[in-house]
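From first to last, the protein sequence lines stand for chains H and Y.
Per the working numbering, the very first residue in the first sequence carries number 36; after that it's consecutive.
Per the working numbering, the very first residue in the second sequence carries number 13; after that it's consecutive.
Hints were generated in silico from the structure; no laboratory data involved.
The reader is advised that the hints may include incorrect statements.
What the hints assert, rightly or not - Cut-off 20 Å, straight-line C-alpha distance, at most; resulting in silico cross-link-like pairs (SDA-like, lysine to any residue):
1. Y:87 <-> H:362
2. Y:88 <-> H:41
3. Y:123 <-> H:415
4. Y:87 <-> H:359
5. Y:87 <-> H:437
6. Y:123 <-> H:362
7. Y:128 <-> H:437
8. Y:123 <-> Y:173
9. Y:128 <-> H:49
10. Y:132 <-> H:362
11. Y:95 <-> Y:108
12. Y:128 <-> H:41
13. Y:88 <-> H:441
14. Y:88 <-> H:362
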Amino acid sequence: MKFIFDSDTWQEIYGGIRKNKTRTVITIIGVLWGIFLLVTLLGASRGLENNFKNIFGDFATNSVFVWSQRTELPFKGFQKGRRLRLTTNDVEILKREYKEIKFIAPRSQSNSAITRGFKTGNFNISGDLPVLDKVQKKDLVYGRFLNENDIKLKAKVCVIELEIYEQLFDKNEDPVGEMVNIGNISYKVIGVYKNGNISFDGSAAYIPFTTFQQVFNRANRISWMMITANEGVDILQMEKDLLLTLKNIHKVDPEDKKAFGSANLAVEIGKVTGFLTGMQFLTWFVGIATLIAGVFAIGNILLITVKERTKEIGIRRAIGATPIEIRRQVVLESVFLTTVAGMLGIIFGGFVLFLLDYFLGSGPDPTLVNPTVNIPIILFAFLILIVLGTLIGLIPAYMATLVKPIDALRDE
Amino acid sequence: MIRINNLHKSYPIGKDSLHVLKGIDLHIKEGEFVSIMGSSGSGKSTLLNIVGLLDEHDEGDYFLNGQEIKNLNEKKGAVLRNKFLGFVFQSFNLISYKTALENVSLPLYYKGVSRKERQKIALEYLDKVGLKDWASHLPNELSGGQKQRVAIARALVTQPKVVLADEPTGALDSTTTDSVMDLLKDINNEGMTVFVITHEEEVADQTKRIVRLKDGIIISDTINVQRNPVKTV
Ligand SMILES: Nc1ncnc2c1ncn2[C@@H]1O[C@H](COP(=O)(O)OP(=O)(O)OP(=O)(O)O)[C@@H](O)[C@H]1O
Ligand SMILES: [Mg+2]
Numbered sequence: 036m037k038f039i040f041d042s043d044t045w046q047e048i049y050g051g052i053r054k055n056k057t058r059t060v061i062t063i064i065g066v067l068w069g070i071f072l073l074v075t076l077l078g079a080s081r082g083l084e085n086n087f088k089n090i091f092g093d094f095a096t097n098s099v100f101v102w103s104q105r106t107e108l109p110f111k112g113f114q115k116g117r118r119l120r121l122t123t124n125d126v127e128i129l130k131r132e133y134k135e136i137k138f139i140a141p142r143s144q145s146n147s148a149i150t151r152g153f154k155t156g157n158f159n160i161s162g163d164l165p166v167l168d169k170v171q172k173k174d175l176v177y178g179r180f181l182n183e184n185d186i187k188l189k190a191k192v193c194v195i196e197l198e199i200y201e202q203l204f205d206k207n208e209d210p211v212g213e214m215v216n217i218g219n220i221s222y223k224v225i226g227v228y229k230n231g232n233i234s235f236d237g238s239a240a241y242i243p244f245t246t247f248q249q250v251f252n253r254a255n256r257i258s259w260m261m262i263t264a265n266e267g268v269d270i271l272q273m274e275k276d277l278l279l280t281l282k283n284i285h286k287v288d289p290e291d292k293k294a295f296g297s298a299n300l301a302v303e304i305g306k307v308t309g310f311l312t313g314m315q316f317l318t319w320f321v322g323i324a325t326l327i328a329g330v331f332a333i334g335n336i337l338l339i340t341v342k343e344r345t346k347e348i349g350i351r352r353a354i355g356a357t358p359i360e361i362r363r364q365v366v367l368e369s370v371f372l373t374t375v376a377g378m379l380g381i382i383f384g385g386f387v388l389f390l391l392d393y394f395l396g397s398g399p400d401p402t403l404v405n406p407t408v409n410i411p412i413i414l415f416a417f418l419i420l421i422v423l424g425t426l427i428g429l430i431p432a433y434m435a436t437l438v439k440p441i442d443a444l445r446d447e
Numbered sequence: 013m014i015r016i017n018n019l020h021k022s023y024p025i026g027k028d029s030l031h032v033l034k035g036i037d038l039h040i041k042e043g044e045f046v047s048i049m050g051s052s053g054s055g056k057s058t059l060l061n062i063v064g065l066l067d068e069h070d071e072g073d074y075f076l077n078g079q080e081i082k083n084l085n086e087k088k089g090a091v092l093r094n095k096f097l098g099f100v101f102q103s104f105n106l107i108s109y110k111t112a113l114e115n116v117s118l119p120l121y122y123k124g125v126s127r128k129e130r131q132k133i134a135l136e137y138l139d140k141v142g143l144k145d146w147a148s149h150l151p152n153e154l155s156g157g158q159k160q161r162v163a164i165a166r167a168l169v170t171q172p173k174v175v176l177a178d179e180p181t182g183a184l185d186s187t188t189t190d191s192v193m194d195l196l197k198d199i200n201n202e203g204m205t206v207f208v209i210t211h212e213e214e215v216a217d218q219t220k221r222i223v224r225l226k227d228g229i230i231i232s233d234t235i236n237v238q239r240n241p242v243k244t245v
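If we strip away everything but chain Y, and leave its shape as in the complex, we get:
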C-alpha cells in the first residue's frame, strides 16, 4: 500500500537547510495498523505529511497504492487525497460553522457525490462512530472525543485506502482516548490500513506495528506481539 525507499526531506531555514528525514525505508501493507513514535522534532509529522501528499519529499521513492508519487501538482494531489487518504488531526480540524453531518459529508461534496447520497452516506458513518444523534450539532457543542469521532467519520466517508492520524488522541483524556482507539481498531479490523503518530505508549500498544523514529532515522520497527497472535511481516 505504502512503499517508501531512502526518503529524504529538508526544510530551508534562511540560508541553511534543516535535514529532517534522513533516509527512511518503510513498507506498509494493506490492512496494517502502524504507529510511529519518537521524540518531539524527530520528523514524525513530516513523514506523515509526505505520506499524506500534503508535502513533497526531496529524495527517494514513494509509491502509494502502486503509483509513484513524483512532481505532483496541487490538483492531482487533491484528487489522490480525496480518493485514497483520510486524515485525522490532533486538533480535530472540523469546520466550526458546519454541523457534524455537514462536516462528515464535505469530502463527498468534493468527490462530486449528489447531495442526497452524501447525506445518506455521512449519516451511516456518523452512526458507525456512534454519533447519529448528534448529526445536527455544531462542533462546539461536542466533547473532544466526540469531535474526534466526527473527524474519523469524515476521514472514512470516502472509503479511503489509508487513514492517517497525527496524534489523534493528543488532545483527549484517557477514557475518550480509549473510545477513539477502539474505533480505530474496529476500522482496522474491517481491513482499513491505519497509520497513527502518537506520543503515548498505551496508544502505540494498541496498534499492530510500532515504528520508532529518532532524528529522522527509523531506529526500530517492531511487531506488537500482544496485538498479533499470529506472527506476520
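Just chain H, same shape as in the assembly:
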C-alpha cells in the first residue's frame, strides 16, 4: 500500500489525467451529477420532513381523540339512534383501566362573546385541565397556562389566544391580570398563547375545566377527550380497546360503528411520514442509480482510454513496468476520478442546499426547514463511491495488461 503515498504514483496519474482532459471532464460530470442529486434530494426531503415535524411538533404524536355520536344499532332494549354523552365518569374509568395512558384530557367546549370595555368578539371557549398543555404544548406569549389550583378553586381565570388578545388589547399592552367578560361573567386573564400550525380549538379562550362545567351547566358531561399513550404503546390497538370499553359502559352494541367517533393522530401523521419515507426512498434510488451510471461511465471511458493507450502501456511494460504496476495505475486513476468527482458533487450539492435554505427556508412559512444531509450518510455514499470506483477500474486495468507488450508495440 506504500505506493498510494508515493508522490511519483500521483505524478504518473496526474500525467495520465491531464493528457485526457475531455474524458476527465466527462467522467467527472457523470459521477458529480449522481452524488449531487443524492445530496440535494436527500437534503430537500429532509427539509420537507423537518417542516412537517414542525407542523406536528407541539403534539404528542401517539394521541387519539374520542367523541360521542348516535348509535346505529339497537341493543339490550335500547332503540337505535340514541344520543350518547361522554362524561367525566368515562374519563375516570379509562384512566383507571388503562395503564398505558400517559395523559387523558376531557374537553368541554362552547362559544361565547368575549368583551373588554367596548371591544368584543365571538370566540371558542374551552374548559380544560392543565394536562392539555402536555398533550399539545401551548406556546405562551404572556403569563402562564391553567394549573391545578385554578381547577380546585374553580377560578375565574382564562388563557386567551393571541388573536383574541390582539382584538381586545392595545399593542404591547400587558394583558396578565386584566379582566375580560366571557358571557356576563368576569375572568382574569392569566396568559396569552399562540396557535401552532395545527389547532383543534381555533382561537379559543381556555378556562378551568371545573369552572366551565359549572358556568355552562354541563354537570359531568364533556364534549370529547384527548388521550395520549405512553411511548411504545400500539396506539391503534389501544384506540380499539378504548372504544370497546366505552361501548360497554354506555351499553352500546360492540359492533356499533357510529356510536363513538375517534381520530388517531399517529395514523394521520403516518400518512405524511409515509409520503416522506417514499420520497427519501425515491431519492436514494435515483441518486444511487445515477451514481452507478456515473461510475459505469468512468469505467467505460477508462476502458476506451486504455485501448487508446495500448501503445503507451506497451512501452511502459517494455521498459520494465510489471503488470501489477500498470493495473494499479489504472485502478488508482479510476478511484481518483470518482473521488474528485464525488467531492465536487458533495460540495455543489451542499452549495445548492445552502441556496435552498436561503430562499425557501426562511420567512414566516418556510417550505423547507433546515435542509441538511447527515455527514455519516455522505461518508457512506462516498465510501460506496470509492469502492465502486475501484471495482469498475479493475475491468480496464485487466484489459490494460491483456495485450502482450510486443503486440502493443508492433508498428501500425
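Take the given structure of chain H and dock chain Y with the ligands to it, following the hints.
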C-alpha cells in the same frame, strides 16, 4: 552474454502455424556490436523480441547473462527487462505527453529509484546523447534523430547489459542516421553489448559483426573486418 541454441518459433495462424525461426544458434559475448540483416519477414524482429523477453520461444535454449530463460511469467520478464535490457524502436516509442527528461527517467521509476536521483541520472544520459538543452521538450517538439537519441538515452539509463534496437535508423535520413550510429558506436566502445536489426548495408557496416537471416535460418555470421582491426571471435 546471450547464448541461443537451436531456437524455434512458430506463430499460430488459424489452424496452421507459421514456422518463423527454424533452429537459430547464436552466441553474443559481452561488448559485442552485432547487426542482423535479412529480407522482410525473415524473422529478425521475432528473434530480437525473444532475446528481449518480449516474446517466448517454442524450442531450444536461451541463456541471458548465464540465466536460463524458460517459462518466464510477466512479472519476472518485466524485472529482467528493466535490469538487463534496453530497447530502441524504429518508431521511437516515446510517451507523447512526457518531456524528454521524463521519458528518460521512466525506466528508473519502475526500478524504484527516488525522484531526485532519477532526475539527476536522466539528465546525465540526456547530456551524453547531446540533448541536455532539450530536457523539458515534448517528443513532438524534437526531430526524428533527436527523438531516437532520447530513446537511446532511455535505453541506457538503467545501465543494462544489452541494448536491443529494432531498425533504429529506419525512420531517419542519412545525416541523422549517422549521428545515431555514432552514438551506438560510442556506447559500444564503452563496453555495452549492442544488438541492432537493420536493412541498410551502411548501418550494418558500422557494426563489428553481421548476422544474415533468411527464412528463419542464419545463412552467414561474419566479422566486419573494417571495424575489427584485430581479429577475434
Ligand atoms: N504475432 C504474430 N502472429 C503471427 N505472425 C507473426 C507474428 N509476428 C510476426 N509474424 C510473422 O512472422 C514472420 C516474421 O516476422 P518478423 O517481424 O520477425 O520479420 P522481420 O524480419 O522483422 O521483417 P521486417 O524486416 O519487415 O521487419 C512474418 O511473416 C510475420 O508475418
Ligand atoms: Mg521487423
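Hint consistency between residue 123 of chain Y and residue 415 of chain H [alpha-carbon to alpha-carbon, up to 20 Å]
38 Å, violated
Taken at face value, is the distance from the CA of residue 362 of chain H to the CA of residue 88 of chain Y at most 20 Å?
16 Å, holds
For the pair supplied as a hint, residue 132 of chain Y and residue 362 of chain H, is the alpha-carbon distance within the 20 Å limit?
This hinted pair is violated, its Cα atoms lying about 28 Å apart.
Holds or violated: residue 123 of chain Y with residue 173 of chain Y, Cα cutoff 20 Å?
15 Å, holds
Holds or violated: residue 87 of chain Y with residue 362 of chain H, Cα cutoff 20 Å?
Holds. Residue 87 of chain Y to residue 362 of chain H sits at ~12 Å (cutoff 20 Å).
Please verify whether residue 95 of chain Y and residue 108 of chain Y have alpha carbons no more than 20 Å apart.
Violated: residue 95 of chain Y and residue 108 of chain Y sit about 24 Å apart, past 20 Å.
Check whether the Cα positions of residue 128 of chain Y and residue 437 of chain H lie no farther apart than 20 Å.
The hint is violated at about 33 Å.
Starting from residue 123 of chain Y, check that the Cα of residue 362 of chain H is at most 20 Å away, please.
17 Å, holds
Given the hint that residue 87 of chain Y pairs with residue 437 of chain H, test it: the Cα-Cα distance must not exceed 20 Å.
Within the cut-off at roughly 13 Å; holds.
Has the given pair, residue 128 of chain Y with residue 49 of chain H, been kept, meaning a C-alpha gap of at most 20 Å?
18 Å, holds
Run the distance test for residue 88 of chain Y versus residue 41 of chain H: straight-line Cα separation, threshold 20 Å.
The given pair, whose Cα atoms are some 23 Å apart, is violated under the 20 Å limit.
Against the 20 Å threshold, does the CA-CA distance of residue 88 of chain Y and residue 441 of chain H hold or violate the hint?
It holds: about 16 Å lies between the C-alpha atoms, which stays within 20 Å.
The structure is inconsistent with the numbered hints 2, 3, 7, 10 and 11, although it conforms to all the rest.
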